[in-house]
Amino acid sequence: MHIPDGFLDAKTAAGAGALALVGLSLALRQARLHLPPRRVPLMGLTAAFVFAGQMVNFPVAGGTSGHLLGATLTAVLVGPSAAVVVLAAVLIVQCFLFADGGVTALGANLVNLALVAPLGGYGVFRAVRPLAAGRRGTVLAAGFAGWCSTVLAAVACAGHLALSGIVPWSTVFPAMAGIHMLIGLGEGAITALVVAAISRSRPELVGGHPEGPARWTDFATLGLIVATVLALSLAPFASSWPDGLERVATALGFAGHAVERPLLDPPLADYRIPGIVSAPLATVLAGTSGALLVLGLAWLLARALVPNRDER
Amino acid sequence: MSAEVRLAAAVALVVVTALLPLTATWYFAAVAALLGLTTLLARVPVRTLFRRLLLVEPFAIGTAMLAWWQPDGGRIFLGLLVKSTLCVATMVLLAVTTPFTALVDVLRRARVPPLLVTTLALLDRYRFVLADEALRMRRARASRSFDTRRGLSWATLASVVAVLFLRSTERAERIYAAMCARGWR
Chain A
1 MHIPDGFLDA KTAAGAGALA LVGLSLALRQ ARLHLPPRRV PLMGLTAAFV FAGQMVNFPV
61 AGGTSGHLLG ATLTAVLVGP SAAVVVLAAV LIVQCFLFAD GGVTALGANL VNLALVAPLG
121 GYGVFRAVRP LAAGRRGTVL AAGFAGWCST VLAAVACAGH LALSGIVPWS TVFPAMAGIH
181 MLIGLGEGAI TALVVAAISR SRPELVGGHP EGPARWTDFA TLGLIVATVL ALSLAPFASS
241 WPDGLERVAT ALGFAGHAVE RPLLDPPLAD YRIPGIVSAP LATVLAGTSG ALLVLGLAWL
301 LARALVPNRD ER
Chain B
1001 MSAEVRLAAA VALVVVTALL PLTATWYFAA VAALLGLTTL LARVPVRTLF RRLLLVEPFA
1061 IGTAMLAWWQ PDGGRIFLGL LVKSTLCVAT MVLLAVTTPF TALVDVLRRA RVPPLLVTTL
1121 ALLDRYRFVL ADEALRMRRA RASRSFDTRR GLSWATLASV VAVLFLRSTE RAERIYAAMC
1181 ARGWR
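One line per chain: the protein sequences are A and B, in this order. Per my numbering, the very first residue in the first sequence carries number 1; after that it's consecutive. Per my numbering, the very first residue in the second sequence carries number 1001; after that it's consecutive.
If we strip away everything but chain B, and leave its shape as in the complex, we get (with noise of 0.2 Å):
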C-alpha cells in the first residue's frame, strides 16, 4: 500500500471519528475493531503501540478534564476521552507503519510550498543528531560539576540551550555547503 493512500485512509478515518457525535457508539466500535485487526496485519507490537498511546494520554485527559464541570459531564468527559484515543491510535498505527520520509515525499508530490518540505525534511534528519547533542552536553556537563540535590539553577540550563542554538547555527551552516556542493538549487 503506498504511503499516499494509507495517509488519505488515516486522515479519513480520524476526522470521521473526531466529528461524529459522542453518541455514535456503535460506529466507535467498529474503528477500535479495525484498527485492532490492523495492528495485528502489520504486526505492530501491542506493547509498543501502548507506550506510544500512554505518551500523550496525558494531554487528552487533561483537555477533556475541562469538559467535567458541567451537566452530564461525566458522560462527555468519557466520550471524549474514547474519541480521542481511537484517534491518537490511528495516528500512531500511521506513525509506525510509515517512515516519516515517505510522508514529506507525499507532501512534495502533492505541490506544499518547497520551504515547508525541506523544513520538515531536515526536522526529521536532525531531530536525533541535536537530542543527542543535548544529551552529550549534559553528560559533559555532569561529569565536570557536582549534581546538588536541588538540581542545577535556571541559568545554567538556559546557557545550555543557548549553546544548543548557537550550535545548530554553525550545524546549519555546514549544512548549507554540503547541499551547495552537492547541486541544491
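Chain A with its partners taken away, still in its complex shape (with noise of 0.2 Å):
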C-alpha cells in the first residue's frame, strides 16, 4: 500500500505531508509525556519486530502468501501514541534504506500507513473490546481491528491517489477497498492469532495502556484525524454523486472483472446491492454488511481461540 514517487501531485503531496507532520508530534509529545524512559528503547526494538515479523510468511491458497502489517498489532502492543513513532520510523527507513514508498509520497504513506491504521484499529479495538469478557473481548477486538485499520488505511491511500487526478475515485476506491477487505482478512486474522499468542503468556503486555482511555484529548486527536482523513477521501466521492449509478456502475464493473474476480468471489461482488438505487448508499450498505461479517468471523476466532474456561 506504499505509495511510490510520482503518483501525488503537489497539493496532495504537500496536504498530506502537513498532516502527517503534525499527527506525528502530536504522537511524539503524547508519547513523551506518558511513556517511562524504561519503554523508549522499546519502541525501537518494535519497529525493529514490525520488520523482522514482516518476514514471516503466511500461505494463502493457491501457492501465495502473505505477511502482517502490523499497525493494529503495534497499536494493542504499546499503545497508540506510541504506535503512530514506531510506525513513522519503518516508513521513514523503508522509503530511505529501501526506497519502498516516495519520498514525496512519504506524507501521504504516514497519513495512511502510521496515523489511519494504527489510530482507527486502535479506535476499534477499545470500541469492540467490551463485547466479550477477558481475553476473548481482546481477541475478538484485535481481529476485527486488524481488519478495519486495513480497509481504512486502503480508502486513505485511496482517496490520495483520486486527489491527485492519477486515477478517478470510481475507479481506485473499488478497487483498493475490494482488495483490502480481503487482505484485511488475513491481516485481521494474524493479528488475533498473535495477540492470542501473547496474551496467553503476558497478558499484562496486551492492549492496557495508561495513556488509553483517561484522557479525552487522545480520543479528541483520534476522531479528528480520523475524520479529517476520511473527509478527504470521501470528498471526490461526494463531488461524483449527481453522476449517479451508471458511471460507477460502470467502473465498479471494470474493476471488479479487472481485479476482484480472479482472487475471490466475494458474496458482495461488483460492491453493490441490486435493487438498491443510490450507489454511495449501496456502497455503505455493502461496507457495513462486510464489516458486520467480519465481525461474526472474528468473534468465531476469538471463541475457537480462547475456549471459556480460559476466560478469566
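Treat each hint with caution, since some may be false.
As the list claims (entries may be wrong) - Cβ pair distances, simulated, as ranges:
{"id": "1", "chain 1": "B", "residue 1": "ALA1155", "chain 2": "A", "residue 2": "GLU204", "range": "19 to 25 Å"}
{"id": "2", "chain 1": "A", "residue 1": "VAL60", "chain 2": "B", "residue 2": "ALA1178", "range": "37 to 43 Å"}
{"id": "3", "chain 1": "A", "residue 1": "LEU21", "chain 2": "B", "residue 2": "LEU1053", "range": "27 to 33 Å"}
Said to hold, decoys possible - Here are some, though not all, of the chain A residues that point toward chain B, as calculated from beta-carbon distances under 10 Å:
{"id": "4", "residue": "ASP9"}
{"id": "5", "residue": "ALA18"}
{"id": "6", "residue": "VAL22"}
{"id": "7", "residue": "LEU24"}
{"id": "8", "residue": "PRO37"}
{"id": "9", "residue": "ARG38"}
{"id": "10", "residue": "ARG39"}
{"id": "11", "residue": "VAL40"}
{"id": "12", "residue": "PRO41"}
{"id": "13", "residue": "ALA47"}
{"id": "14", "residue": "PHE51"}
{"id": "15", "residue": "LEU68"}
{"id": "16", "residue": "CYS95"}
{"id": "17", "residue": "ALA99"}
{"id": "18", "residue": "THR191"}
{"id": "19", "residue": "LEU205"}
Keep in mind that the hints were calculated from the coordinates and are not lab data. The beta carbon of each residue, even a glycine, is placed where N, CA and C say it ideally should be.
From these two lone chains plus the hints, build me the complex, please.
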C-alpha cells in the first residue's frame, strides 16, 4: 500500500505532508509525556520487530503468501501514540533505505499507514473489546480492528490517489477497498492469533496502556485525524454524486472484472446490492454488511482461540 | 561530500522529478543520464542497483496499473512508471552510498525530536538482529518438526511472531539497562 514517487500531485503531497507532520508531532508529544524512559528502547525494538515480523510468510491458497502489516498489532501492544512513532520510523526507513514508498509520497504514506491504520485500529479495538469478557474480548477486538485498520488505510490511500487526479475515485475506491477487504481478513486473523498467543504467556503486555481511555484529548485527536482523512477521501466521492449509478456502475463492473474476480468471489461482488438505486448508499450498505460479517468471523475465531475455562 | 548535501540533493531531485508533468521527456532523460553518471563515479555495482530496483518495481507497476483504465491510460502508465523508476533509482543510490547512521545524524543535527531519532537509530541497529532471531527460530522449528507440503498452520506461524515480540521486549529491557549503565539521559 506504499505509494511510490510520481503518483501524487503537489497539493496532495503537501497537504498530506502537513497532516503527517502535525499528527506525528502530536504523537511524539503524547509519547514523551506518557512513556517512562524504560520504554524508549522498546519503541526501537518494536519497530525492528515489525520489520522482522513481516518476514514471516503466511501461506494463502494457490501458492501465494501474505505477511503481517502490523499497525493494529503495534497499537495494541505498545499503545496508540507510541505505535504512531514506531510505524513512522518503519516507513521512514523503508523510504530512505529500501526506496519502498516515495519521498514526496512519504507524507501520504505516513498518514495512511502510521496515523489512520494504527489510530483507527486502536479506536476500533477499544470500542469492540467490551463485547466479550476477558481475553476473548481482547482477541475478538484485535482481529476485527486488524481488518478495519487495513480497509481504512486502503480507503485513505485511494483518496490520496484520487485527489491527485491520477486515477478516478470511481476506479480506485472499489479496487483498493475490495482488495483490502480480502487482505484485511488475513491481517485480522494474524493479528488475532498473535495477540492470543502473547496474551496467553504475558497478558499484561496486551492493551493495558495508562495513556488509553483516561484522556479525552487522545480521543479528540484520534477522531479529528480519522475524520479529516475520511473527509479528504470522501470529498471526490461526494463530488461524483450527481453522476449517479451509471458511471460508478460501469467503473465498478470494470474494476470488479479486472481485479476482484480472479482472487475470490466475494458475496457482495461488484460492491453493490441489486435493487438499491443509489450507488453511494449501496456502497455504504455493502461496507457495513461486510464489516458485520467480519465481526462475526472474528467472534468465531476468538471463541475457538479462547475456550470458556480460560476466560477469567 | 557530506551526508547533509547528499540527502538534500537526492530529496530535491526526487521532489522535482515527481512533481513535473509527464510530458517533460527531455528532463527525465537528463535525470537518467545524471543518475547513470553518478553510478559510474560512485562505483556502485550496476547489478546491486538493478536488484534493488527490481525489489520495489512490482509495487510501482501495481499502482500504475490503476491508471490504465482511463482514456489515454497506456501513456499515463508508462509516464508514471518512468517517473517512479527514476525516483527509486535516486533513493537507492543515496542508500548504497550513504550509511543510515549518517542520515540519522543529519536528522539529529536538524533538531528532529530525540524520541524519533532514537527509535530510528535502534530500528536500524536491531533490524538484522531480530531478522536473524526469526531465522534461527525458523531453523530450530524446521529441525524439530516435519515440514508438510502445505506449509505450516497459521497458529504455529503466529506463535513464532508472538515469541519474536516477547524476545524483542526482553532485549529492549537489557538494552535499557545497558544504556543507563553507559550514562544515557
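Here's how the hints hold up against the structure:
Taking 19 to 25 Å as the suggested C-beta distance range, the pair B/ALA1155 and A/GLU204 conforms, at roughly 22 Å. At about 40 Å, the beta-carbon gap between A/VAL60 and B/ALA1178 stays in the expected band of 37 to 43 Å. Look at A/LEU21 against B/LEU1053: about 29 Å separates their beta carbons, and that is inside 27 to 33 Å. Restraint check, A/ASP9 versus chain B: the minimum CB separation of about 7 Å is within 10 Å; hint holds.
Interface restraint check for A/ALA18: the shortest CB-CB distance to chain B comes to about 15 Å, outside 10 Å, so the restraint is violated. Hint status for A/VAL22 relative to chain B: violated, with the closest Cβ pair at about 13 Å, above 10 Å. A least Cβ separation of about 8 Å between A/LEU24 and chain B falls short of the 10 Å threshold, and the interface hint therefore holds. Residue-level restraint check for A/PRO37 holds (minimum Cβ-Cβ distance to chain B is 6 Å; threshold 10 Å).
For A/ARG38, the shortest C-beta to C-beta distance to chain B is roughly 6 Å, which falls under 10 Å, so the interface hint holds. Hint on A/ARG39 holds. Least Cβ distance to chain B is approximately 8 Å, under the 10 Å limit. A hinted interface residue such as A/VAL40 counts as satisfied when its beta carbon comes closer than 10 Å to some beta carbon of chain B; here the least separation is about 6 Å, so the hint holds. Hint status for A/PRO41: holds, given a least beta-carbon distance of 4 Å to chain B, under 10 Å.
Hint status for A/ALA47: holds, given a least beta-carbon distance of 4 Å to chain B, under 10 Å. Satisfaction of the interface hint for A/PHE51 is found here, the shortest Cβ-Cβ separation to chain B being roughly 5 Å, below the 10 Å cut-off. Restraint check, A/LEU68 versus chain B: the minimum CB separation of about 7 Å is within 10 Å; hint holds. The restraint placing A/CYS95 at the interface with chain B holds, with a minimum CB-CB distance near 7 Å, inside the 10 Å limit.
Interface hint at A/ALA99: satisfied, since its Cβ lies 4 Å from the closest Cβ of chain B, which is below the 10 Å cut-off. The beta carbon of A/THR191 is positioned within 10 Å of a beta carbon in chain B (closest approach about 9 Å), and the interface hint is therefore held. Checking A/LEU205 against chain B: minimum C-beta separation of about 7 Å stays under 10 Å; hint holds.
Violated hints, in rising order: 5 and 6; the structure is consistent with all others.
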